[in-house]
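Participant: One letter stands for each residue in the lines below.
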Amino acid sequence: MTARCSLSSNARSNLFANSMKLHGILNGLKRIAFTKFSDSRFTQQELPACKPILTPRWVISAFLLVSVVFIPIGVASLFASRDVVEIVDRYETECIPLDNRTDKVNYIQTPGDKSCNRTITVPKRMKQPIYVYYQLDNFYQNHRRYVKSRSDAQLRDNSSASETSACKPEDMINGKPIVPCGLIAWSLFNDTYSFSRNNSTLVVNKKDISWKSDREHKFGSNVYPTNFQSNETLIGGASLDPTKPLSEQEDLIVWMRTAALPTFRKLYGKIEVDLEADDVISVTLQNRYNTYSFNGKKKLALSTTSWLGGKNDFLGIAYLTVGGLCFFLALIFTLVYLVKPRRLGDPSYLSWNRNPGGH
Amino acid sequence: MKRYVYINDDESARDLYCDNRISNRKYTLLNFIPKNLGEQFSRFMNQYFLLIACLQLWPLITPVNPASTWGPLIFIFAVSATKEAWDDYNRYLSDKKANEKEVWVVMHGLRKLVQAQDIHVGNIIWLRENDEVPCDLALIGTSDPQGVCYIETAALDGETDLKTRVIPSACMGIDSELLHKIKGVIECPSPDKDIRRFDANLRLFPPFLDNDVCPLTIKNTILQSCYLRNTEWACGVAVYTGNETKLGMCRGVPEPKLTAMDAMIDKLTGAIFVFQIVVVIVLGIAGNVWKDTEANKQWYVKYPEEGPWFELLIIPLRFELLCSIMIPISIKVSLDLVKSLYAKFIDWDNGMIDQETGTPSHATNTAISEDLGQVEYILTDKTGTLTENKMIFRRCCINGVFYGNDSGDALKDVELHNAVSSGSPDVIHFLTIMAICNTVIPIKAKTGDIFYKAQSQDEDALVRAAAWLHMVFVNKNANILEIKFNASTIQYEVLETLEFTSDRKRMSVVVKDCQNGKILLLTKGADEAILPYACPGQQTRAFFEAVEQYSQLGLRTLCLAWRQLKEDEYEEWSLLFKEANSTLVDREWRIAEVCQRLEHDLDILGVTAIEDRLQDGVPETIETLRKAGINFWMLTGDKQNTAIQIALSCNFISPEPKGQLLLIDGKTEDEVRQSLERVLLTMRITTSEPKDVAFAVDGWALEIALKYYRKAFTELAILSRTAICCRVTPSQKAQLVELLKSCDYRTLAIGDGGNDVRMIQQADIGVGISGREGLQAARAADYSIGKFRFLKRLILVHGRYSYNRTAFLSQYSFYKSLLICFIQIFFSFISGVSGTSLFNSLSLMAYNVFYTSIPVLVSVLDKDLNEETVMQHPQILFYCQAGRFDFIMLSTLFFQILCIIFYNFFICGDVSLEIRLIVGQWSLNSQYQFLNRLLNPSTFAGWFGRSLFHAIVVFVISIHAYAYEKSEMEEVSMVALSGCIWLQAFVVTLETNSFTILQCIAIWGNLASFYFINWIFSALPSSGMYTIMFRLCRQPSYWTTVFLIVAAGMGPILALKYFRYTYRPSKINILQQAERLGGPILSLGSIEPQPRPILEKEVSPLSITQPKNRNPVYEPLLSDSPNTRRSFGSGAPFDFFQTQFRLSSSYSRNKDN
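As given, the protein sequences belong to chains U and P, one line each in that order.
Quick note on numbering: the UniProt record's numbering labels position 214 of the first sequence as 214, and the sequence is numbered without any gaps.
Quick note on numbering: the UniProt record's numbering labels position 737 of the second sequence as 737, and the sequence is numbered without any gaps.
Derived by calculation from the structure, the hints in this document are not laboratory data.
Glycine included, each C-beta is placed from N, C-alpha and C at the ideal position.
Mixed in with the good hints, there may be bad ones.
[As the list claims (entries may be wrong)] In silico contact screen, one side only, chain P against chain U (beta carbon under 8 Å); selected entries:
#1 Asn36
#2 Val972
#3 Ser1023
#4 Met1025
#5 Tyr1026
So here's chain U without its partners, still in its complex pose:
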């Protein structure tokens, strides 16, 4: 017992000594760290620093470099954009019978068959896949009332069907929640197109036109449209097949990716055959969507794609402009530098050196 006791006391004292030693070491380390820190280059604000200045050579070569890089990219993107074949057909006026054109809104709001035939000619060979877009103008999908009027929770999962607070005024009907609720879904675009070439139907593939991530994660496969467009008096746009889950309603999914600009295109489908030059394609469309109230245009667009996307000359032109301007600036700077060289850092420019005592 005593032995154990003494042992333990011994051990304790050992432990104590050790801990003291440790403490001492720690303290020492701390002190070293502190002195190191307080004398460090950081605390003395003397970290090694690179201090570039804007010398002519540096600036001129920077501008030259930018122009050298930008001009080829500009040319490349311009070519890419030119390679894209795009057919745009504006139809909102032509698809209204002549005698209804004085009151288009009334025409579009009256139920009935509103089919309309358009023919378009392919100017150049178009390789598949050919994307079919509808383009709306002056349509503010980014309007605050509109853009907020949706319920992501409800779209994702049928257990949150009643989460419609954000969807006003299209949240409930007769006390029951609308699925999908909100103004965006309610105003779903409902013109339809069918294409034929030489009397043979061109198949428009409407599968996989939406983002995969949306289908899998944003729109639930167990959410079915309920009470949608059931308000008889005010039908916004297309209605949905209540037997298909939202994750398969790709038109809706595309539509609900709101556009940031009042002019936008949305994918309608894909034509997966090549179109030859001078092919005549007849389009049968159902002109149902009301853009007439706000003088919005409706266009149908068929387009191939390039590495840069659709037909858009902006990037190419902008690149060429910026590259050209940079080249121009580099040239001017070089000229000015050669014609009127100026010694950098000449102390005689310091006013107090010129005029001692004064400022």
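Could you slot chain P onto chain U? The hints should help.
Facilitator: Same frame as chain U, but now just chain P:
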């Protein structure tokens, strides 16, 4: 208002006046939260953020999650409240310590130990030697039979010498035992803060002596915080207690200091706020108009026919919230963070550690470092600040023999030691005068060493030197002085002391040698006050030469002389002297006249030379800082002559012909006015000349000038770059600071003693020197440094860097918030003016908190110029000073920019024209920038224009590149955001002058972390931007767009900056170029009129130009002085009648001892 203090009356006055509890606390436990919140909300920015945060709680209008404002807001408030609480707790602790100190108090006739806080007015307090005085006391008894006691008033007025205080005549001779029972009444004024005046009456009640009223003056008081010295005990009646003591009244609450930078930022914030309101109103109206005309056509928006009554307000409020990020909430947090780092840099700086004592510099106030770079006036104390406050006896000339000329130290001169030991009578007399012709009090320490307490450091030096030469002044016991010479002890009885006055410039003592009964007159004084009175036969030429020589060396000279008096001559004179001493009218003059009768036919013994050492590097520091455009004022309690001497030797004023010193003086109001007007006139004439004109004013004239001629004096203050104010009180020092502050100048006050505390607290920046006069000033100051010369580094390095960094940081913060805000505004034009936010709340919050604040925080490491370059070219500090607010310029710029915006969006809408106009606008701004300060409305307008330009670039490019089928909201938003972040990185890169590894990490690491963070969010299915960033990064068009934004955004800025940098360089740019290109900086040194290496050599030549006692500066001073009557002709025989005339003017100063 009077107060009646009933002495030793335990009951009656108890509750009439406050007890002696000192409280410096700002809060109590109960009022902390409301008071602190109230204080915080008194700042405009906080009110604004609170309003925004509250508005965000309304879901109908909020574009983003309210947490994005509430979180930071609560955080900011919590941080500053904690800081305040901690400070207040520390104040509480120090008060508690003072309050619980125990003192001896008579209670109910018994002496008891009582806590200081329980002292009441009327109590009798007993103090022992070296006790601190707990409250203001009227003396009634001391251990000294003559009723004298000595106190040290350093804490009160900063003077370290001992002062004598006497008990009033009524209490004279009361037995110390009876003092317990004394009763009476003191009639005294209500508490005030004049530490030089106490006009009261004492009447003791029977049985004590008479019923006569006995007058009390300041000489009969001991004030709080003084120390009792050299006196066994003293007792007094508490007259003022607690916070009502003279010290307490003086203390005042130091106001929280706001830097000029803060003020400017607040003003710019205000301007931005106005701009924001305008934008909100315009957009709100536009939104409502759109809603009324367009929205009912846009059927899919389904606007209800009838809205609630506040319908009209909804859109403007939405825009208000959308634009609220215009004023960055992060700016306050980042500024606080950065400022504390500035303070840390000061603490850490090895270049500002006082090697002698090992004291590092310390920044007590962490909030005002930028102001250091903007200082325009430095008000400095003299003693202990410029000088070391250490006088050293260096040389002497005894009877034509020079000692110490070879070694530079007479005390080490073997010849002098030989002369002393050989007992040459002249040398002995010389030493005797050095030892006893003074008012020094020797104090014997317990160890046997003798310390000297002297009113003047000169006397102290002389006594010490005498002691070193074996003539030790051992003891002063009433009138008996005891000197030890070698082994023998000599005793002298002081018969009369003819005190020093600045007019007589000499002092004498009449002593009687106790051994042989001879009566001697011992005199010391300035050469012009002694040499003319040499006895007729004596050759004074040698002494003139000695004085001349010593003055050339910058030493302070004193002539020593003596005369043996005949018994009857003394008796006769003594009567006259007594009579003069008791006159009531013109006493000063009468005494001077009587003294004159004795001080003649002197036997001149020699000249002493004392070095009042300037601190190391003072002249260089002042020279450098004056070159930096900083004006210096010297405020000293010292004599005018001394002040001028010191001013000369430390480059404060230049000697003729470069400089000119004007004097304002006068005894009466009228004289002061005339003198002031004359000086002002001279000053106005000479301002055009490149001449150093300075003025000197003494305390009395200053008081009159400040009281009656404030306007004229203010004008003078503005005109004059240099001023010397002598004999000023602590509160006058503070008044002068106030005066300069009222003219909107940035002032820095530097001092070392308790008498500087008020000035230090009053000034925009207070710097304390932790020196010999204790730590009082250092504690009250915002910065404490070990030596005056560190001021140069503090201002030129730390102040300047801090200013530059904050200027960049604050303007950049506005730039980045404006950038994102402009994009939002532009977006609202294509979203039906409905207040949609392009960016999601997560991005908006992270934009301010992460993406943009980290790289800019590292700008605290940025150095535009090397420290050495700044030191060589202090003029560059000019770029930091006086960034004054020009509202007109700012408003025109804003107006122009607004015009452009509305012109483009409502009328024209042509983007290319818009860019052209903006660029034009921008170059206009850059023109304003040539006015050249780093943070002012025009530089700010430059940043404003830049943010507008960048917003246009980002917006236009992203909506055109991501048009049609790619115009998906989340994608466009991320493209625009990426564009902003990339531009930020390049802007910071372009604006950074020196890249350390940390900056590289912060700038590019931040960019990487932007992608990283967004990838994380893109990987979360629940987040709104699921997969967006992955999709974008895979698209070549994303990268091409981003690079286009960078090139289009940075190209013009780089070109413009390059153009300005090369063809319209600012002084900073030139120096940068010179510095980086290496070569020219060296040649610069030769062009520079007085570069550093030469400066140091110049110390000795400077001292040569320093005048002798009748100095050349003093002459022009007098010839220019309006009061020509007062001319002392240089070297002219001192005219008795002139003196008489001079002194005849009423002389009511020197109320103090």
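Participant: Indicate, hint by hint, whether the structure satisfies it.
Facilitator: Against the structure, the hints come out as follows:
1. For P:Asn36, the interface hint is violated, since its Cβ never comes within 8 Å of a Cβ in chain U; the closest pair sits about 33 Å apart.
2. Satisfaction of the interface hint for P:Val972 is found here, the shortest Cβ-Cβ separation to chain U being roughly 4 Å, below the 8 Å cut-off.
3. The interface hint given for P:Ser1023 is broken, as the beta carbon of that residue sits about 10 Å from the closest beta carbon of chain U, more than 8 Å.
4. Checking P:Met1025 against chain U by beta carbon gives a least distance of about 11 Å; that is not within 8 Å, so the hint is violated.
5. Proximity of P:Tyr1026 to chain U holds as hinted, the smallest CB-CB distance being about 6 Å (cut-off 8 Å).
Violated hints, in rising order: 1, 3 and 4; the structure is consistent with all others.
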